[in-house]
Amino acid sequence: MSPKTLYDKIWDAHVAHEAEDGTCLLYIDRHLVHEVTSPQAFEGLRMSGRTVRAPDKTIAVPDHNVPTTADRVNGITNEESRIQVDALDTNAKEFGIHYYPVSDVRQGIVHIVGPEQGWTLPGMTVVCGDSHTATHGAFGSLAHGIGTSEVEHVLATQTLIQKKSKNMKVEITGKLKPGVTAKDITLSVIGRTGTAGGTGYVIEYCGEAIRDLSMEGRMTVCNMAIEGGARAGLIAPDETTFEYIKGRPHAPKGAQWEAAMDWWKTLYSDDDAHWDLVITIPAEEIEPVVTWGTSPEDVLPISATVPAPDSFKGGKVDAVRRAIEYMGLTPGQKLSDIEIDTVFIGSCTNGRIEDLRAAAAVLKGKKIKDGLRAMVVPGSGLVRAQAEEEGLADIFQEAGFEWRMAGCSMCLAMNPDQLSEGERCASTSNRNFEGRQGYKGRTHLVSPAMAAAAAVTGKLTDVREMM
Amino acid sequence: MEKFEKLTGVAAPMPLVNIDTDMIIPKVFLKTIKRSGLGVNLFDEMRYDRQGNEIPDFVLNKPQYREAEILVAGDNFGCGSSREHAPWAIKDFGIRCVISTSFADIFYNNCFKNGILPIVLPEEQRDILMKDAEKGSNARIEVDLESQTVTSSDGEVFHFEVDPFRKHCLLEGLDDIGLTLEKSASIDAFEAQAAQSRPWV
Ligand code: SF4
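Those protein sequence lines, which keep their order, are chains E and U. Letter 62 of the first sequence, counting from 1, is numbered 62 in my numbering, and no numbers are missing. Numbering-wise, my numbering comes out as the position in the second sequence, counting from 1, plus 467.
Chain E with its partners taken away, still in its complex shape (with noise of 0.2 Å):
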C-alpha cells in the first residue's frame, strides 16, 4: 500500500462515492449545528419536502446570538436574537436532532460542546456551517466549516460535495519557552504564512512541541487553521486524545472502545507519505505574540514596534495603512505601550478549562487596571462550573472581571457584549477584523494568559514580566 498522510486515511474512508472528474460525495460523521446559518437551511428541507436523513449524528446547540448574562434564563430580549433560538428550538424537536437548549447546563459554543459530549473522536468526519469547525481536527478527525447551502445538503444527504485538498505539514520542533502558549503557536503560524497560505490545503500540525500540548492547547491550534486559509488542520491522536475522549458521555465504551482503539492507532501520517507543502518552526522562536492590524496575520511578538505600511509589498501596503489608521495607531510604537480599556476571555479558541487556568494563575491575588472593563465567557456551562469548584472564577471576580454564562459573547458582538467605536480590547479571540467585535472595535489577539496580563497592566504586556 503505497503510505499515506492523515488526511489521505481519513479521507479514502469517507468516500461514499467518486464521478470520474474527482468530485467525490464525502460522508460526514457529525454534523455540528447552531442557530445563525442553519435557519436557512431547515427551511429548504421543509420547503423541498426532505428530511434529516441522519438525525443522530446531527448535534444542535445555540451560541452566537445568546446572551450571557444571568438573566437570560428569562427569555432573550433582542427579537431577532429571539427569533433565531426560537427557530433552531423548533427544528431541533421537528426533526429529532440531539439538542442542547440555552437552559442546559451542557450549552456553549458549539466547538466546545462537541467534544466535551465526546461527539468529537478520531478519524471522524465533522462539519458544521461555523468556520472554526477547524477545532475539532485536534481530535484527528477531518473537520471544517460549510455554507447555508451545504448545512442543508449535509442535513438531506449526510455527504458533501468535495474534491481533495493538498496535504501541509506544519512542524513545531522542539520546546516551547516559558510564557508561550498554543495561542502563540497558532498566531505566529499564521504570521508566518499569510492568511491566505493555507488555501487549498488540510494542514496537519505536528512536531514535539504540538505533542507536549494538552488537547485544550490542541484545539487552540487548530482552531485557527481557518484563519490560515485552510480548509482544516488536524493533529495526529495519542495517548492525550485517547485520555481526554475516555468516559465522555458519546465515547464509545467496552468492547466498541477497543475496537474504536485499533483504528485510531493507525491514524498518523506514514513516514514517507507526500507532503505538498512542509513548513518547520522551532519552538524556541516563538514569543508570546499579539496582533496589531485588522487581520490575524499582522501578528508580532510583544517586544517588537508597530510597523510601517511601506514595508510591505502590493497590495498589501493599503491595507496595513488602512489597518494601522483603523487601530488607532503609528508606526514605531512599542506594542506594550498600547493602553486597552477592555478584555475579553473566551471564545471557541480560548474559552476552555485551560484556558481559564491559565489567565487566573496571572490574575491570582492582583487587581485589574481602575476604570477598565473585563469578561471571562466560558465555552460551555460545564466548564463554568468546572472553574467554579476550581476556585477561579473567585480569582476573576475578586480580580475585578465579570464572570458571564456560556456562548460566543463578544468574539463576533452579535449578542449584547460589544466594543463601543474606538474601544481597544486585548481579545482571546481569533479574528481582529474591521468591526468584529463591535462596530469601529478595535481589537488584539492574544492568548489568555496574556490577557490577564493586559487586565492587571491596562496595556498590551509580556506574560513573562509577570511571572
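Some clues are possibly wrong.
Unchecked claim - Straight-line C-alpha distance at most 20 Å; calculated EDC-like pairs for lysine to aspartate or glutamate: (1) LYS313/E to GLU628/U; (2) LYS501/U to GLU80/E; (3) LYS650/U to ASP394/E; (4) LYS501/U to ASP86/E; (5) LYS470/U to GLU590/U; (6) LYS366/E to GLU402/E; (7) LYS163/E to ASP642/U; (8) LYS440/E to ASP524/U; (9) LYS598/U to ASP318/E; (10) LYS313/E to GLU590/U; (11) LYS498/U to GLU79/E; (12) LYS440/E to GLU512/U; (13) LYS501/U to GLU43/E; (14) LYS498/U to ASP21/E; (15) LYS634/U to GLU18/E; (16) LYS558/U to ASP642/U; (17) LYS634/U to ASP21/E; (18) LYS440/E to ASP516/U; (19) LYS364/E to ASP337/E; (20) LYS501/U to ASP12/E; (21) LYS163/E to GLU628/U; (22) LYS498/U to ASP511/U; (23) LYS473/U to GLU534/U; (24) LYS440/E to GLU521/U.
As the list claims (entries may be wrong) - Short derived list, chain U residues pointing at chain E, Cβ under 10 Å: (25) ASN485; (26) ASP487; (27) VAL495; (28) SER549; (29) GLU590.
No lab work stands behind these hints, which were simulated from the structure alone. In this text, all values refer to a predicted model and were calculated from it rather than measured experimentally. We treat Cβ as the ideally placed atom computed from N, Cα and C, and that holds for glycine.
For this one, chain E is given, so just place chain U with the ligand on it according to the hints.
Chain U with the ligand only, in chain E's frame:
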C-alpha cells in the same frame, strides 16, 4: 439555482486585500432567517455612516458603479466567517461574478451554490481588469463561462480555470441536493458498510 452562462457588465474595483465576510455583510444582518433582502446591506459599514447615509467615496455608491454586476477584488477575497449571507448579499445587490487572484475556500464554495461565478486570475491579469474597472461604466467586462474567458473592455481575452462539475452545475442551474440524492444507493451502501467497520460512530 439561477443559471450562469454569460455576462457583460460594469465591474466595480475593490483593490483592498483580505476583504473578509464580516466586511461583506456585518453580523447585525445575520439575524435574519431568510436568504433574501441582504443587498442593501452589502458592505454596510464601508457603504453607510452611522446615521445610515451613503458614504459618497465608497465604490458602490458612485453613480457609475451602482449597477455593477462584476466585482474585481484584491487578494484573498471572502476570508473569515463561513456565513453564506456574504454571497447572498452580493447576489441580492446584483453582482454575479467576482474576479480576484485568490478566494477563501468556504466563500468560494458558497458562490457556486448561489449562482455566482468566482474567477481566479493571475495578478497581472487581475490588475489589468482592475484598471479597466476603474474606468467606470463605459468599460464593460465580458464573462463567458462556457468558453471560460473574461474579455476586458479593450478586447483582451483571459482564460480562467473552473472545476468541470461546478461549471456544469452553474451552466445548468442544477440543485446539488437533487444530484446527490440520485446517488442515494451509494450512500446507503457506504452507511451499511460503515455501520460494520466503525459501529461506534
Ligand atoms: S466563539 Fe467566535 S469563532 Fe467561535 S464559533 Fe463562536 S463566534 Fe465563531
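Against the structure, the hints come out as follows:
1. LYS313/E to GLU628/U: Roughly 27 Å between the alpha carbons, so the hint for LYS313/E and GLU628/U is violated.
2. LYS501/U to GLU80/E: Distance of about 12 Å is within 20 Å: holds.
3. LYS650/U to ASP394/E: It is violated: about 56 Å lies between the C-alpha atoms, which goes past 20 Å.
4. LYS501/U to ASP86/E: 15 Å, holds
5. LYS470/U to GLU590/U: Violated, at about 28 Å.
6. LYS366/E to GLU402/E: 15 Å, holds
7. LYS163/E to ASP642/U: 18 Å, holds
8. LYS440/E to ASP524/U: 18 Å, holds
9. LYS598/U to ASP318/E: 16 Å, holds
10. LYS313/E to GLU590/U: Answer holds: LYS313/E to GLU590/U is near 13 Å, not above 20 Å.
11. LYS498/U to GLU79/E: 9 Å, holds
12. LYS440/E to GLU512/U: Roughly 9 Å between the alpha carbons, so the hint for LYS440/E and GLU512/U holds.
13. LYS501/U to GLU43/E: 9 Å, holds
14. LYS498/U to ASP21/E: Measuring from Cα to Cα gives roughly 38 Å; hence the hint is violated.
15. LYS634/U to GLU18/E: 18 Å, holds
16. LYS558/U to ASP642/U: Distance of about 17 Å is within 20 Å: holds.
17. LYS634/U to ASP21/E: Between LYS634/U and ASP21/E the Cα gap is close to 12 Å, so the pair holds against 20 Å.
18. LYS440/E to ASP516/U: 11 Å, holds
19. LYS364/E to ASP337/E: Outside the cut-off at roughly 23 Å; violated.
20. LYS501/U to ASP12/E: 36 Å, violated
21. LYS163/E to GLU628/U: At roughly 15 Å apart (the allowed maximum being 20 Å), GLU628/U and LYS163/E satisfy the hint.
22. LYS498/U to ASP511/U: Distance ~15 Å between LYS498/U and ASP511/U Cα, so the pair holds.
23. LYS473/U to GLU534/U: 17 Å, holds
24. LYS440/E to GLU521/U: Roughly 17 Å between the alpha carbons, so the hint for LYS440/E and GLU521/U holds.
25. ASN485: 5 Å, holds
26. ASP487: Hint on ASP487/U: holds, closest Cβ of chain E at ~5 Å, below 10 Å.
27. VAL495: Hint holds; VAL495/U Cβ to chain E Cβ min 8 Å, cut 10 Å.
28. SER549: It holds, given that the least Cβ distance between SER549/U and chain E is near 4 Å, below 10 Å.
29. GLU590: 8 Å, holds
Violated hints, in rising order: 1, 3, 5, 14, 19, 20; the structure is consistent with all others.
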